Amino acid sequence: MIGLSPEALDRYIVGNDPDTGKPVIDEIINVLTKPVNGKKMAPETPKTEKAKSPQVLLEPDTEDNLQRLFYERGWTDGLPIILPTEERVKKMLAGTCASPDDVVAESFQFATREVVKYSVSSIAVIAVMAGARPEHFPVILAVASTKQSSLMPSTTAFGTMLLVNGPIRNEIGMNCGIGAFSPVNLANSVIGRAWTLMSICWGFAKPRQTLWSSQGNNLIYNNMCVGENEERSVWEPFHVGKGFRADESVISIFRGWGFFNSPGTAAHRSLAEELNIQLTAMPPMNSAATIIMDPLVARNLKENEGFNTKQDYCRHLSQSIKMPAGQYWNTDHIDMLVASQAYKGIEPYASWKKVPDDELIAPYYNPDNINMVVVGGETSPLWKATDYGYSGSASVDKWRAHPAGVECKDGTCGLPDKPADYD
Amino acid sequence: MKKNGKITVLDPRGQPTGIFGRRLNVDSPPFAIHDPVNQPRDTAKALGALKMAPRLDRLEGKTVYLVDTGFAGGADFMAEVQDWFTRHRPDVKTELRHKKTSMFTDEPELWAEIKKNGDAVVFGVGG
Chain A
599 MIGLSPEALD RYIVGNDPDT GKPVIDEIIN VLTKPVNGKK MAPETPKTEK AKSPQVLLEP
659 DTEDNLQRLF YERGWTDGLP IILPTEERVK KMLAGTCASP DDVVAESFQF ATREVVKYSV
719 SSIAVIAVMA GARPEHFPVI LAVASTKQSS LMPSTTAFGT MLLVNGPIRN EIGMNCGIGA
779 FSPVNLANSV IGRAWTLMSI CWGFAKPRQT LWSSQGNNLI YNNMCVGENE ERSVWEPFHV
839 GKGFRADESV ISIFRGWGFF NSPGTAAHRS LAEELNIQLT AMPPMNSAAT IIMDPLVARN
899 LKENEGFNTK QDYCRHLSQS IKMPAGQYWN TDHIDMLVAS QAYKGIEPYA SWKKVPDDEL
959 IAPYYNPDNI NMVVVGGETS PLWKATDYGY SGSASVDKWR AHPAGVECKD GTCGLPDKPA
1019 DYD
Chain B
9 MKKNGKITVL DPRGQPTGIF GRRLNVDSPP FAIHDPVNQP RDTAKALGAL KMAPRLDRLE
69 GKTVYLVDTG FAGGADFMAE VQDWFTRHRP DVKTELRHKK TSMFTDEPEL WAEIKKNGDA
129 VVFGVGG
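Quick mapping for you: the protein sequence lines, in order, are chains A and B. Our numbering applies: residue 599 is where the first sequence begins, and numbers increase by one. Our numbering applies: residue 9 is where the second sequence begins, and numbers increase by one.
Hints may contain errors.
[Claimed, not checked] The list that follows gives simulated cross-link-like pairs (lysine-lysine, BS3-like), each with its CA atoms no further than 25 Å apart: (1) Lys951(A) to Lys107(B); (2) Lys11(B) to Lys689(A); (3) Lys745(A) to Lys689(A); (4) Lys688(A) to Lys10(B); (5) Lys715(A) to Lys53(B); (6) Lys101(B) to Lys632(A); (7) Lys942(A) to Lys107(B); (8) Lys688(A) to Lys11(B); (9) Lys11(B) to Lys942(A); (10) Lys107(B) to Lys123(B); (11) Lys952(A) to Lys108(B); (12) Lys942(A) to Lys123(B); (13) Lys108(B) to Lys951(A); (14) Lys996(A) to Lys840(A); (15) Lys123(B) to Lys632(A); (16) Lys10(B) to Lys689(A); (17) Lys10(B) to Lys632(A).
Source of the hints: derived by calculation from the structure; they are not laboratory data. Please read all numbers here as calculations on a predicted model, not as lab measurements.
Given these sequences and hints, build the entire structure.
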């Protein structure tokens, strides 16, 4: 409807609703004046029933029928799942020291306004479905503990990234190097998948109820689940920058819309100039960006361009990326979601609203909201530029099979395995 | 465990709590609706029935607020809805308002004005 003439808009109003076939204006008037379902609502409060006991086990059935049931009930991502038998869930529960009945997360069911709880056992069912092993379970529990869904109800196509830091990456064989985002690694695949499956089972993927994304986003299949290549990075790990110790295992979540895979290297222009071109195509919300760069890129920035820390480079980007104010404000989602900040007098938005359209502004004004992550196998100095914002971190260690500081009998648990060789 | 070729599996959904949530305050942030931790909880009985807003018997002589939520194109569309009422239903008074804040934030002053002066409200357009 953007930019349509009054005559064209009027045709939408008097024309038929594509869902019902009825004139839109009649539907508007009917909603205001006609009783629901043709009956007056009863004046008294309807009687409520006591919540039913939770159903833990489904009716026994064949494997084929259960696969079909899970799919038809909207409990899968469309792919076959590992059926969550009691035996498999019990094995999964051995991957954590937490009690099966400990509540990890709760979600709010919009249809009934009821709060539904998810215990460690509930999440173990999801982890089995995703194809995870017990050693992956602490990471999956950490993701669940954030209470965040990987799916957003927006009509737009949100994407997410799930980053893992700390010793757990190597202990469970995550891929942080070559092909880290490719579909070649069990841990990366199943952990990311488990997050989406729990989001689906939490009710965030019911089309036209909680899922409205017009096109969807393929990245949600495994949420770009990846480990940071801390061993090959010249900078501190991401989680250390957020206040965690290097020896702590942590998951971090990022979320946004725009995603740019660099097709080539910064051969003829500096990386900052390349990012200026790419990031100005995706004007930021709240100065947010997440750059995922190969270790070669980070090493070049530090050793050849003098950016000793991630923060140094973020400040450089914050100062150097510029765009015309008109380009910023005429971006649809910026106009919808940020303009109100200008109206309320919040800077720098209030000042940006007053300048001419061709005046350059620095949209990434807050370097603290630019995130840098180092991932890759050093075959080419490439990067990914996104407008993803940081959405929080959670400890993995509290969910481990052995609590922090408690060694297993032979003293080997918790020690990192030798990094996998992916060549 | 298979029995007669059939497998028993666990339900992947969580457990109902019988606890229901409601918004903290009129000016609490919108995510308080989505976050069951940061909002008061009640039993279904105490929370009350989920009722639809009562319908008007007629629109003649009534005041209908048309609120543009701020999604792209909505302002022009809601203005055209107002123009339709002016041309075809002059017996209905319409008041067009544009949300000053984002579509996700509360606007208590506008709600108060609508409650005081309006008989019905149409929000548009979702995005």
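Okay, the hints, checked on the actual structure:
Taking the CA atoms of Lys951(A) and Lys107(B), the gap is near 18 Å; set against the 25 Å cutoff, the hint holds. Taking the CA atoms of Lys11(B) and Lys689(A), the gap is about 20 Å. The hint holds against a cut of 25 Å. Under the criterion of a C-alpha separation no larger than 25 Å, the hint pairing Lys745(A) with Lys689(A) is consistent with the structure, at around 24 Å. Restraint check for Lys688(A) and Lys10(B): the C-alpha separation of about 16 Å stays at or below 25 Å, so the hint holds.
A C-alpha spacing of about 20 Å is found between Lys715(A) and Lys53(B), which places the hinted pair at or below 25 Å, so the restraint holds. For a cut-off of 25 Å, the pair hint linking Lys101(B) to Lys632(A) stands: about 19 Å separates their Cα positions. For the hint linking Lys942(A) to Lys107(B), the alpha-carbon distance of about 12 Å falls within 25 Å, and the restraint holds. Restraint check for Lys688(A) and Lys11(B): the C-alpha separation of about 19 Å stays at or below 25 Å, so the hint holds.
Distance restraint check for Lys11(B) and Lys942(A): the Cα-Cα separation of roughly 66 Å exceeds the 25 Å cut-off, and the hinted pair is therefore not satisfied. A C-alpha spacing of about 16 Å is found between Lys107(B) and Lys123(B), which places the hinted pair at or below 25 Å, so the restraint holds. Distance restraint check for Lys952(A) and Lys108(B): the Cα-Cα separation of roughly 17 Å lies within the 25 Å cut-off, and the hinted pair is therefore satisfied. Taken as a hint, the Lys942(A) and Lys123(B) pair is honoured in the structure, with Cα atoms around 24 Å apart against an allowance of 25 Å.
Note on Lys108(B) and Lys951(A): the hinted pairing holds, with a Cα-Cα distance of about 15 Å set against a maximum of 25 Å. A C-alpha spacing of about 18 Å is found between Lys996(A) and Lys840(A), which places the hinted pair at or below 25 Å, so the restraint holds. For the suggested pair Lys123(B) and Lys632(A), the alpha carbons sit about 20 Å apart, so the restraint of at most 25 Å is met. For the hint pairing Lys10(B) with Lys689(A), the CA-to-CA distance comes to about 17 Å; that is within 25 Å, so the pair holds.
Between Lys10(B) and Lys632(A) the CA atoms are separated by roughly 54 Å; this puts the pair beyond 25 Å, and the hint is violated.
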